[in-house]
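Chains as they are written, first to last, in our numbering: chain A, 1 to 498; chain B, 1 to 498.
Hint data in this document are derived by calculation from the structure and do not stem from the laboratory.
One thing to keep in mind: the hints can contain errors.
A pair holds if it fits inside one copy or across any two, identical chains being indistinguishable in the list.
[Unchecked claim] With a straight-line cut-off of 27 Å between C-alpha atoms, the simulated DSS-like cross-links for lysine-lysine are: (1) Lys326 / Lys122; (2) Lys445 / Lys209; (3) Lys488 / Lys209; (4) Lys195 / Lys273; (5) Lys425 / Lys329; (6) Lys418 / Lys445; (7) Lys273 / Lys235; (8) Lys429 / Lys235; (9) Lys488 / Lys195; (10) Lys346 / Lys16; (11) Lys425 / Lys346; (12) Lys329 / Lys195; (13) Lys451 / Lys329; (14) Lys209 / Lys35; (15) Lys488 / Lys35; (16) Lys418 / Lys346; (17) Lys35 / Lys329; (18) Lys9 / Lys195.
There are 2 protein chains.
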Amino acid sequence: MAKDKQPRKPRAETPKGFRDYFGADVIERRDMLAKISAVYERYGFDPLETSAVETVEALGKFLPDVDRPNEGVFGWQDEDGDWLALRYDLTAPLARVAAQFRNELPTPYRRYAFGPVWRNEKPGPGRFRQFYQCDADTVGAPSVAADAEICAMLADALEEVGIERGDYIIRVNNRKVLNGVLEAAGVYDPNDPEKFVEERGIVLRAIDKFDRLGREGVLALLGEGRLDPSGDYTKGANLTFEQRERIMIMLKGGHENNLAAFDFLAERSEIGKQGIEELEEIQDLLAAQGYGPDRIVIDPSVVRGLGYYTGPVYEAELTFEILDEKGRKRQFGSVAGGGRYDDLVKRFTGQAVPATGVSIGVDRLLAALRAKGRAGVQAPGPVVVTVMDRDRMADYMAMVGDLRRAGIRAEMYLGNPKNFGNQLKYADKRGSPIAIIQGGVEAAKGVVILKDLILGAKIAENATLEEWKDRPAQVEVPLTELVAAVQKMLALYKDLAP
Amino acid sequence: MAKDKQPRKPRAETPKGFRDYFGADVIERRDMLAKISAVYERYGFDPLETSAVETVEALGKFLPDVDRPNEGVFGWQDEDGDWLALRYDLTAPLARVAAQFRNELPTPYRRYAFGPVWRNEKPGPGRFRQFYQCDADTVGAPSVAADAEICAMLADALEEVGIERGDYIIRVNNRKVLNGVLEAAGVYDPNDPEKFVEERGIVLRAIDKFDRLGREGVLALLGEGRLDPSGDYTKGANLTFEQRERIMIMLKGGHENNLAAFDFLAERSEIGKQGIEELEEIQDLLAAQGYGPDRIVIDPSVVRGLGYYTGPVYEAELTFEILDEKGRKRQFGSVAGGGRYDDLVKRFTGQAVPATGVSIGVDRLLAALRAKGRAGVQAPGPVVVTVMDRDRMADYMAMVGDLRRAGIRAEMYLGNPKNFGNQLKYADKRGSPIAIIQGGVEAAKGVVILKDLILGAKIAENATLEEWKDRPAQVEVPLTELVAAVQKMLALYKDLAP
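This is chain A alone, in the form it adopts within the complex:
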């Protein structure tokens, strides 16, 4: 109808890479985060909610993925010339808070946080520019007991939201062991960390791909490079046979607890030796609380992407199988990861502050819960009170009021009531279990009709016709018994719920 000369109407679209969450999606995420929060609070962690906006100066250039150091943030300049930006994770704001409030906060400071973060990256399928993170960190605790605690807490959180024991494994490694192995292999010099930086990058990425490429593929990358089946060539680190062998010890036996294999580190790398000792301590601390290798395992093949890790690193993997987009079985994979980063607060204060923490990929974990059918209860559709007689809206509203006061989710139909079919279509779209009907005849008799909207579907799905044949699709009850009759009908379905 718009005239040609009118200004163009705005497009009703989210910006590229952004999305909205409706109804059940919001509730499922909220329920999951509430359960995780309860575990974190039991561990003594306090919630923190920082502002979404930080100065670019405070955020720094610590964008997480070392492979893509130039990926951006959403930023702008304010009136005073300061550059502001949306936070890209929850760790950088924590480092700022730990420095800003260092005199007020307890030491150590255990905090958890969840909320959206923003990345100015190219959006793609399933790849959004705003997504949720859920983090827990301990700031100011030098002991690896803090790392062990976070691993135990992560295991508890996964079980609390519905991932059963045996369906997940938390793998722990130590950057110091990695550096020790690299030192022993002659590609890391503690006195000149910048040396061999390219070779180390290739080696770490190769180790990270062990699961996918296998022993042969990793060996090729450590040596002259690798040609993949599609014909793509990946540059190798050009290490000698001996160098390659030392690194491969780390991957011996795949994901087993093989700290013993690292004995050679003791005489060749001080940092490597220290890393092994820390891992042994973590193992002992966890064992004392009953977290055995069925839940948390030392795994020297774990690398983790973030450049800023300085000690233990850990990640949670879900081990059950799902079907990928091509219908092939594969393990669900990683849903959380973290580690020790002792230098982030130092940026602000000049003093090193030890810190360690984990970040849960909220959308990934939710997807896993959905795959397992554990994503929480769908909110029930409301009982819909239909409008048969426009002049008696007050009567219908009174019925809705009575139902709501009894704690029953209920609505009066608020669209154009002329076409009754539309009212039932609306109730269907809302997933409504019951429609309430009162025309002039019923009003005169002081009764209402309860129409059972899901009876047919339930018969088909869950029960034999025999069981249901005595059950009428609608009942007439006195208006005074409306609430009780609705409660009775809803209770029938509660028993049937899967």
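Mind docking chain B on chain A? Use the hints.
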């Protein structure tokens, strides 16, 4: 220690006008929003979480406050040249969603939403550039039954979070009545809405200030202007005596139900007449559900700032008194407001879509709950297991694990354990009720010491010394009875809680 030549360290500061929320503040807000959500869901409203970022095109220039039309948003240009911005409220994104998903959403669509919004305004004391809103809106319902429903729901929500009946009042008016009065007074011409726009602005702002300025002050503003006690002059609308009288009828008797006084509208303004009828209908619908004028009242002096309202407007005011910053008593005031806006979705689709909704000022309502001592339970401090012997961390960790498995909030001390005094100071800062101590002597005997950290304070505060004199400040129990002994000690305090 930093060398002079090092680059300047970044400042650890939130940007101006932004803030962080810690511990109890986060929990109180979360609890309050959970209670409000439960009420909204009972009314059939579904949650919606839109992205924080919108295109500037979609947001439009509908910034809420008519007095400050040029106040800004935080915006930036993306790589493709599109302008993006942070949402400044939750209504503009809802209008975008209602247009974008009009074929998928039920009609009417009842939705609630809460989350931060951002305003690029000059920050000031208590005035932040990021703050929470909590909205509920019904889109696609032309009937004022939708407005009545939202008023009833707002009353229920206020009671649910802890505002007692009698401590709040919801006032309802109708823009159509206001326009009718203005038409009858000759400052509104339905055929040329742009005419007299300046006079109407002055009149509406004057009515809005009736509470503060009283009858005389409003009359002055309707006439030649007003000189306030400080000497500031506010320009008047220069209306004639008769024009002023017609407007003052609206304020006759202050906040009473005086729809009858508007009889003169019936013959002078079609729109005014319609507005009166709608208010009467709202009153009847609310009465049918038992919401009388003790909770929701028709009040023709309500104006509401937003330019886009087209029908009923409503606001919730808390009527209990608090002390202002100068120690004077004053009513707490407004915590929520809203109304009908039938033109927002039309921007996108060209077709008018009736909508009505309310927004709760989350921080204001939280402040009110705190003033009333109803802001929810403080999270308890954790039981702190102290570290007497560095070599037995695994033992302490096992104790913490046992406590946590029993659902008790507990921590092992993770700072430097050398100075035991620091451990007790830490426990104090954390609000810890009990410290657990096990040195070498105790370990050899297989016992632990429970140190009661709040006994002294509780004796002073809540009980006579007589009542407590048999209670030791610390007890020694077998390690195997640790959990039971802690539970017993915590239970004692539970009984004492205010």
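Verification of the hints:
Within a single copy, Lys326 and Lys122 get their C-alpha atoms as close as 24 Å, which meets the 27 Å cut-off; across copies the closest is 54 Å, which misses it. For a Cα distance limit of 27 Å, the shortest separation of Lys445 from Lys209 qualifies neither inside one copy, at 75 Å, nor across copies, at 51 Å. Taking the shortest Cα distances, Lys488 and Lys209 never come within 27 Å of each other, neither inside one copy (57 Å) nor across copies (52 Å). In this assembly of identical chains, the alpha carbons of Lys195 and Lys273 lie at most 27 Å apart only when taken from the same copy (21 Å versus 84 Å across copies).
In this homomeric assembly, Lys425 and Lys329 never come within 27 Å of each other (Cα to Cα): the closest approach is 39 Å inside a single copy and 54 Å across copies. Within a single copy, Lys418 and Lys445 get their C-alpha atoms as close as 23 Å, which meets the 27 Å cut-off; across copies the closest is 82 Å, which misses it. Proximity of Lys273 and Lys235 under a CA criterion of 27 Å is satisfied in neither setting, with 31 Å inside one chain copy and 80 Å between copies. For a Cα distance limit of 27 Å, the shortest separation of Lys429 from Lys235 qualifies neither inside one copy, at 56 Å, nor across copies, at 54 Å.
Proximity of Lys488 to Lys195 under the C-alpha cut-off of 27 Å is found in neither arrangement, the shortest distances being 75 Å within a copy and 60 Å between copies. Taking identical chains as interchangeable, the C-alpha atoms of Lys346 and Lys16 lie at most 27 Å apart only when they sit on different chains, with a minimum of 23 Å there against 36 Å within one chain. Proximity of Lys425 and Lys346 under a CA criterion of 27 Å is satisfied inter-copy only: 25 Å between copies versus 61 Å inside one chain copy. Proximity of Lys329 to Lys195 under the C-alpha cut-off of 27 Å is found in neither arrangement, the shortest distances being 42 Å within a copy and 70 Å between copies.
Taking the shortest Cα distances, Lys451 and Lys329 never come within 27 Å of each other, neither inside one copy (44 Å) nor across copies (55 Å). Taking the closest pair of Cα atoms, Lys209 and Lys35 never come within 27 Å of each other, the shortest separation being 33 Å inside a single copy and 47 Å across copies. Within a single copy, Lys488 and Lys35 get their C-alpha atoms only as close as 31 Å, which misses the 27 Å cut-off; across copies the closest is 26 Å, which meets it. In this homomeric assembly, Lys418 and Lys346 come within 27 Å of each other (Cα to Cα) only across copies, at 23 Å, whereas the closest approach inside a single copy is 68 Å.
Within a single copy, Lys35 and Lys329 get their C-alpha atoms no closer than 29 Å, and across copies no closer than 42 Å, so neither meets the 27 Å cut-off. In the homo-oligomer, the alpha carbons of Lys9 and Lys195 lie at most 27 Å apart only across protomers (26 Å), although the nearest pairing inside one protomer, at 58 Å, exceeds that limit.
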